[in-house]
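Turn these sequences into a full structure, and let the hints guide you.
What follows is the residue order along each chain.
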Amino acid sequence: MEIQVQAQGSLTVVVLTGEIDGKTAPEVQSRLLPLAENGRKLVLDMQKVTFLSSAGLRVLFLLNRAASSGSGKIFLTGLVPELRDTMSVTGFLKCFQLFDSQEQAVEALR
Amino acid sequence: MGEVNFTFSDTIAGYVAAFHRSERSFSLRTSDGREFRLFLTPTTYARKSQNLDEGYIDATGQMGELLSEGVPVYAYCIFYPAEQGFRIEAKSLIFPGDQAGSYRHEESDWWPRQVRSIADSYLRWQFNYPQEPIEYHNYRTFLHLAGGKKGDYLQETDTISRLVYGFASAFLLTGEDRFLEAAEAGTEYLREHMKFYDADDDIIYWYHGIQVSGDREQKLLTSEFGDDYDSIPMYEQIYALAGPTQTYRITGDPRILEDIEKTIELFDKYYKDNRQGGYFSHIDPITLDPRSPMLDKGNNRARKNWNSVGDHAPAYLINLYLATGEKKYADFLEDTFDTIEAHFPDFENSPFVQEKFYEDWRHDTTWGWQQNRAVVGHNLKIAWNLLRMNSLRPKEKYVALAENIARRMPLVGCDLQRGGWYDVVERLREPGESHHRFVWHDRKAWWQQEQAILAYYILYGCLGKPEYLKQAREAAAFYNAHFLDHDDGGVYFNVLANGLPYLMGNERFKGSHSMSGYHSTELGYLSAVYINFLYTGQPMDFHFRPRPRGFRENRLRVAPDLLPAGSIRITAVEIDGKPWTDFDPDGWTVQLPDSERSLRVKVTLTPVCRKGD
Amino acid sequence: MPDTSSRIDYYPTHEYQGFHLRPGHPYPFGATILSGGVNFSVFSSHATSCTLVLFDKGEPLPRVEIPFPDSFRIGNVWCMVVFDLDCESVEYGYRMDGPFEPAEGHRFDPTKILLDPYAKTVSGREIWGQDPDWQQPFPHRGRLVFEDFDWEDDRPLERPMEELVIYEMHVRSFTRHPSALVKHPGTFAGLLEKIPYLKELGINCIEMMPVYEFDEFENSRKSPTTGETLYNYWGYSTVGFFSPKAGYAATGRWGMQVDELKNVVKEIHKAGIEVILDVVFNHTAEGNEHGPTISFRGLDNKTYYMLTPEGYYFNFSGCGNTLNCNHPIVRSIVLDCLRYWAAEFHIDGFRFDLAAILGRDPWGAPLPNPPLLESLAFDPVLAKCKLIAEAWDAGGLYQVGTFPAYGRWAEWNGKYRDDVRRFVKGDPGLAGALATRLQGSPDLYGWNGRGPTASINFLTCHDGFTLLDLFSYNEKHNEKNGEENRDGANDNHSWNCGREGATEDPPVQALRRQMIKTALSILLTSRGVPMLWMGDEMGRTQEGNNNAYCLDDPTNWLDWNLTEQNRDLLRFVQLLLRHRKAHPLLRSKKHPCFHRGGFEEYPEISFHGQAPWQPDWSEESRRLACLWSGRDRQDAPAFLYFAVNAHWEGAWFALPRIPRCWHVAINTGMPAPEDIFAPGEEVLLSDQSGVFLSPRSAMFIIGK
Amino acid sequence: MAFEVALETTPETAKITLKGELDAASAPRFKEIIEKAAVSSPARLVLFVNDLTFLASAGLRVLIFAKQKMGAGVQIYVIGSQGPVRGTLEMSGFHHSVYLQDSYGD
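Heads up: the sequence lines are chains A, B, C and D, in that order. Sequence positions in the first sequence follow the numbering used here and run 14 to 123. Sequence positions in the second sequence follow the numbering used here and run 46 to 658. Sequence positions in the third sequence follow the numbering used here and run 156 to 859. Sequence positions in the fourth sequence follow the numbering used here and run 3 to 108.
Since the hints were derived computationally from the structure, they do not count as laboratory data. What you are looking at is a predicted structure, and each value in this text was computed from that prediction instead of being measured. Hints are supplied without guarantee of correctness; some may be wrong.
Each computed DSSO-like pair below joins lysine-lysine, with the alpha-carbon atoms no more than 30 Å apart [as the list claims (entries may be wrong)]:
1. K86/A <-> K425/C
2. K136/B <-> K21/D
3. K38/D <-> K372/B
4. K510/B <-> K38/D
5. K317/B <-> K71/D
6. K372/B <-> K314/B
7. K342/B <-> K33/D
8. K314/B <-> K71/D
9. K36/A <-> K212/C
10. K240/B <-> K17/D
11. K107/A <-> K421/C
12. K107/A <-> K745/C
13. K314/B <-> K33/D
14. K307/B <-> K33/D
Here is the structure:
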């Protein structure tokens with residue numbers, strides 16, 4: 014599990030690589046929760062995320078809840094079809110705004 | 046004298062006459078027509094007869110439907126004193142079938158499954174198979190179920206031979222290799238450790254057994270049983286052949302035939318009484334003389350008994366004839382049955398045959414435990430085997446004696462109140478006695494139920510009289526409802542009159558009586574044959590493993606038992622899994638191909654439309 | 156997030172082979188995730204010792220076996236908190252030691268690892284039909300679950316009972332057929348994609364056949380005729396009472412079946428449709444003494460099962476054992492289970508399989524006042540849940556109409572099914588019986604105020620023929636079940652309309668469609684709660700198999716091409732359901748009365764024959780009409796005249812005179828589209844004095 | 003050649019020397035000697051058969067019967083058996099119960 018964070022103007026773009034499950038979820042949460050809470054827009058590039066377990070789903074949900082409680086917002090990009098499908102079937106997909114790619118998101122949100 | 050105004054419990058066996066739903070009671074008619082009113086209680090529960098290795102079949106919910114007209118049932122009840130007589134409350138019911146006239150033990154595969162289960166239980170008890178290989182060195186006659194295998198132990202020839210019979214019968218019915226392996230290993234062990242080849246007379250006799258300690262063996266030439274002490278009883282020599290002969294039917298191994306023929310030589314040379322007929326029951330261990338003074342110790346000098354005349358046929362001789370088809374064995378059979386018919390009946394004095402004789406056939410009524418007593422099972426065994434013989438060489442006198450016995454026995458040897466057959470009773474009734482007195486107890490032994498079941502099923506199969514079918518069904522239903530040990534496997538030796546198992550003293554040890562591995566499997570094998578072929582009309586498969594250059598003229602004889610001519614036909618044969626056509630359907634023989642290794646033969650026998658016609 | 160650092164009871168006090176432990180909380184039972192650890196709690200009345208066995212997900216051998224120290228036991232409950240566990244990848248079970256004395260009822264076996272009956276998800280059968288590892292000694296393992304699903308503002312719909320139209324369905328069969336064209340066939344997710352269909356059909360409640368974890372490979376064998384594997388397809392044999400069947404979830408392989416099912420319930424509620432679960436508390440998957448030891452037998456055989464004095468299993472369920480439901484401990488498990496589903500899955504109601512067993516005492520005698528049924532009836536959490544009983548069992552107990560109900564229980568009305576089947580197929584002398592069924596069976600549910608909503612009216616269900624097969628087969632055809640056609644009921648009261656089985660003969664096909672429409676129009680104009688069997692609205696067939704419990708093939712799968720092939724029938728059912736919704740008179744909570752209660756001097760209900768006010772109750776009668784009178788939704792006077800002619804000859808029915816004009820809503824004798832008109836578009840009857848009913852047809856006429 | 007048999011007993015050993023042919027006729031005499039030897043319930047029974055030319059089954063039966071009567075504890079040694087006598091012992095399986103030796107040291 015790798016997390017790269019870079020600021021791009023008013024956005025924060027995070028690129029996640031590998032699996033988000035019970036073992037790696039706590040690390041994702043501790044790294045990204047502060048970013049979500051400071052009211053900035055957060056773009057999560059999920060293109061290289063190969064697996065998302067229940068724990069992973071809940072971390073994303075937590076981040077989204079934290080962001081929307083402030084003035085921030087979470088956007089997901091590059092979601093692999095299988096992950097997208099799992100999230101929709103378990104009812105998690107609805108709470109996120111999606112973009113096909115990181116560039117599109119940055120373009121639309123700048 | 047206190048009247049019987051206390052509660053007690055007992056079993057009633059019978060047929061439902063009527064079910065009074067509102068009153069929660071039903072009337073039960075016993076086998077001889079007496080009626081009892083039984084009341085159901087909220088805690089009454091019911092089960093259906095279940096086979097070995099079959100789960101418990103609870104029928105508490107279906108009591109309403111099952112208690113319909115004509116359905117057979119065993120009701121274990123408590124009798125409460127009431128104004129006139131007793132109020133009888135049924136506490137648990139056993140149904141041998143689902144409806145009137147249907148019995149689980151008449152299902153076509155009921156008995157073969159039972160034989161398989163018993164044979165597997167003995168493989169487990171005796172050899173700890175399948176964890177360990179089948180090794181007769183570890184065989185114990187006295188099997189302490191709880192105890193381990195420490196210290197010296199006894200191996201008796203006739204109990205090993207009987208167990209070998211059980212394994213061979215299991216193979217004939219199922220074709221499963223482990224049983225043949227156990228049968229052949231046992232036959233080999235008997236030949237290696239229990240056989241005494243007497244070069245002088247070129248005959249064979251069998252040690253009573255061996256006492257094993259470590260790798261040393263102590264041969265026991267004479268019997269250690271009380272009644273036959275310090276002598277060589279013919280009974281044990283006869284049963285030494287039971288297992289090997291049944292194995293011979295499967296393999297045709299010439300070494301077995303040679304052992305059998307040389308043992309028969311022993312019978313003809315030392316036991317047979319050529320002057321007054323029949324066979325002596327004991328001979329001197331040293332001089333082999335039946336008239337030796339040494340035999341007086343057991344009161345066995347120059348005596349003849351049921352075993353030495355009657356046991357040949359069922360133990361090995363019929364099976365030997367079936368396997369070889371040789372005339373001399375048919376003659377030998379005829380001689381034994383003629384002897385029985387001539388000397389055993391004693392109907393003017395007693396419904397039971399006489400079992401002990403002096404040399405000149407005078408009745409010996411003072412011998413040991415027998416005195417002037419009757420073993421119910423021996424009488425039925427005579428009836429059963431007469432009918433077998435009648436299929437080989439029909440004689441009016443055979444059928445007459447068999448029917449005479451079959452007609453009298455239910456009134457004096459059968460328990461018409463609870464079902465099942467009794468053990469040993471006095472042959473004569475003293476004045477004023479309504480019933481023949483039980484000599485020791487009114488318990489019921491497993492092997493005597495067998496005699497009744499087989500006698501009445503073959504009587505019905507051959508003669509078609511309905512009363513025989515009724516007796517056969519009642520006997521078999523009682524056996525299957527009460528004698529099957531569903532917790533440890535195998536069968537109980539004895540049950541109380543009311544059918545509950547009797548597990549006291551050495552009755553508990555199933556091993557000590559490997560006989561129970563013999564009688565229960567013989568019952569299974571022959572019940573399947575008589576019921577399927579002579580009554581319900583179901584086909585059956587039989588399995589053989591003929592050795593190369595085994596059977597004479599390479600011809601395999603597959604007759605399952607002495608059955609009426611034309612009653613069954615061979616309808617299919619498979620050799621090593623491939624169909625084979627060279628067989629004589631009505632001659633019950635298969636012409637085997639030449640081969641350098643043993644063949645796997647499966648024969649399908651089909652009855653010729655026998656549905657109780 | 157609670158500040159965990161200060162709480163003293165969140166720190167380990169014991170250690171075992173590197174695992175940090177502390178005495179746990181006896182309640183709640185099962186495995187509960189706390190911050191920093193997991194609380195395991197299990198109870199047994201007769202066990203002498205207990206060991207917690209932990210696995211890494213999918214590993215054949217345990218990672219550790221932690222014996223419960225005696226200080227971790229409170230009464231008969233062993234509880235322990237284990238710290239620093241990865242909740243997603245841990246699997247757990249228990250070893251219970253104790254006496255093995257079958258005659259006493261004890262069957263403890265410490266060599267067996269036991270499934271926690273309170274396990275919230277169970278592993279081992281994540282993918283339906285995937286051949287299991289038969290050597291695995293511990294196939295069904297408990298796993299942990301996150302219970303923080305975001306329900307937004309959803310809660311059970313609590314629809315009034317009289318409004319319900321129940322649609323019984325099998326989750327896998329509903330979307331498994333390729334024609335369903337769903338992304339995840341045969342799963343909860345597949346059902347999501349069919350919600351619009353259900354909404355448009357007009358039903359407002361689905362009853363799912365068992366979705367608790369079960370083993371589809373129980374008693375699986377090869378079919379002697381087809382060679383296919385025969386499964387425990389219906390699932391009436393529970394392994395895990397608190398866990399949704401992983402094999403039914405598209406995300407089952409990742410252990411997300413709980414979230415998936417919760418999401419499905421949420422979406423179905425959004426469409427205004429309730430969810431009822433078919434639950435099996437009469438027996439378990441452990442069978443008799445020859446069956447597998449999965450959970451209860453090893454935990455506390457004597458407490459959980461009804462045993463004979465010799466320690467064998469009573470068999471009132473016909474499946475090998477009988478759950479000892481009226482034992483206090485078992486009663487509490489049943490209550491905990493139903494409360495869990497009602498609270499955590501927002502389930503609207505439960506249908507109890509062979510419910511008569513729930514009223515038997517530990518020795519099988521029926522109880523006049525069974526504690527379990529009473530507890531369920533008055534439970535605070537279940538207060539608004541529908542409780543539906545299959546009011547008989549395989550042990551000869553038939554309680555239709557006499558089921559101890561406490562005014563809360565409804566029952567599958569077996570008498571309704573048999574009477575209407577026999578009337579529709581033309582048996583004589585059933586006019587009286589039909590009249591009683593139309594009113595909501597007051598003969599069965601009229602006493603102590605139960606009312607028509609206690610009667611679940613149905614013609615077909617999973618047991619028996621489909622509606623089309625009811626009119627296509629005289630005999631059952633269960634050869635594919637591999638039991639030589641001995642299984643399945645024989646008293647089907649069916650009629651094949653002249654030809655056994657499928658046919659291309661147009662008149663027979665038309666007659667069968669007409670019989671279906673006639674039967675459905677009776678069902679949906681009767682008071683009481685109507686229930687449809689999945690697919691009957693589009694003429695589904697099982698080729699005469701009336702007991703397809705074991706077939707995972709097109710016999711059970713719903714063929715969605717039928718929505719196109721039988722478009723007319725589907726339209727008929729949709730409009731019929733809209734008619735039922737349009738007329739509250741048909742859905743009243745009370746039984747009708749004969750002499751008043753209608754509009755002005757008309758009675759609420761009156762029966763008629765070919766002549767008005769003169770019904771033919773004779774032994775030969777095959778015709779009946781009834782007139783409902785009262786107020787409709789806008790409080791305007793309402794007159795509903797329903798006539799049915801099951802005779803093979805047509806007949807003229809003179810209509811009773813009413814202060815309105817008769818308009819035809821339904822005439823099953825007419826081919827589509829004239830067989831039914833939408834509510835509001837009924838056609839004015841040209842001759843107001845009467846109508847001619849063609850043979851084996853029904854008409855529904857409204858006064859407007 | 004006539005049959006001769008001689009008995010010599012010590013507290014724990016009984017020694018019997020056999021010469022000639024032991025057949026059905028002479029078997030009873032051999033049985034008496036064995037019974038006499040059994041009286042002192044020796045721990046060991048030693049049979050010297052170097053000069054025994056013929057052993058009939060009857061003789062062998064006496065031996066086996068005697069062993070059975072004396073009990074399992076008694077060790078039997080047959081010294082100097084050869085040719086047909088040894089063949090008889092082996093064919094009857096009796097060699098499993100006794101010790102066949104060429105010589106016997108006291």
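Going down the list of hints, with the structure as the test:
1. K86/A <-> K425/C: Holds, at about 26 Å.
2. K136/B <-> K21/D: 77 Å, violated
3. K38/D <-> K372/B: 50 Å, violated
4. K510/B <-> K38/D: 65 Å, violated
5. K317/B <-> K71/D: 28 Å, holds
6. K372/B <-> K314/B: With a Cα-Cα distance of about 20 Å, the restraint between K372/B and K314/B holds, given a limit of 30 Å.
7. K342/B <-> K33/D: Measuring from Cα to Cα gives roughly 17 Å; hence the hint holds.
8. K314/B <-> K71/D: 26 Å, holds
9. K36/A <-> K212/C: Within the cut-off at roughly 13 Å; holds.
10. K240/B <-> K17/D: At roughly 28 Å apart (the allowed maximum being 30 Å), K17/D and K240/B satisfy the hint.
11. K107/A <-> K421/C: Given pair K107/A, K421/C holds - Cα atoms ~13 Å apart, limit 30 Å.
12. K107/A <-> K745/C: 44 Å, violated
13. K314/B <-> K33/D: The given pair, whose Cα atoms are some 23 Å apart, holds under the 30 Å limit.
14. K307/B <-> K33/D: Judged against 30 Å, a Cα distance of about 27 Å means the pair holds.
The structure fails to meet hints 2, 3, 4 and 12 from the earlier list, while all remaining hints are met.
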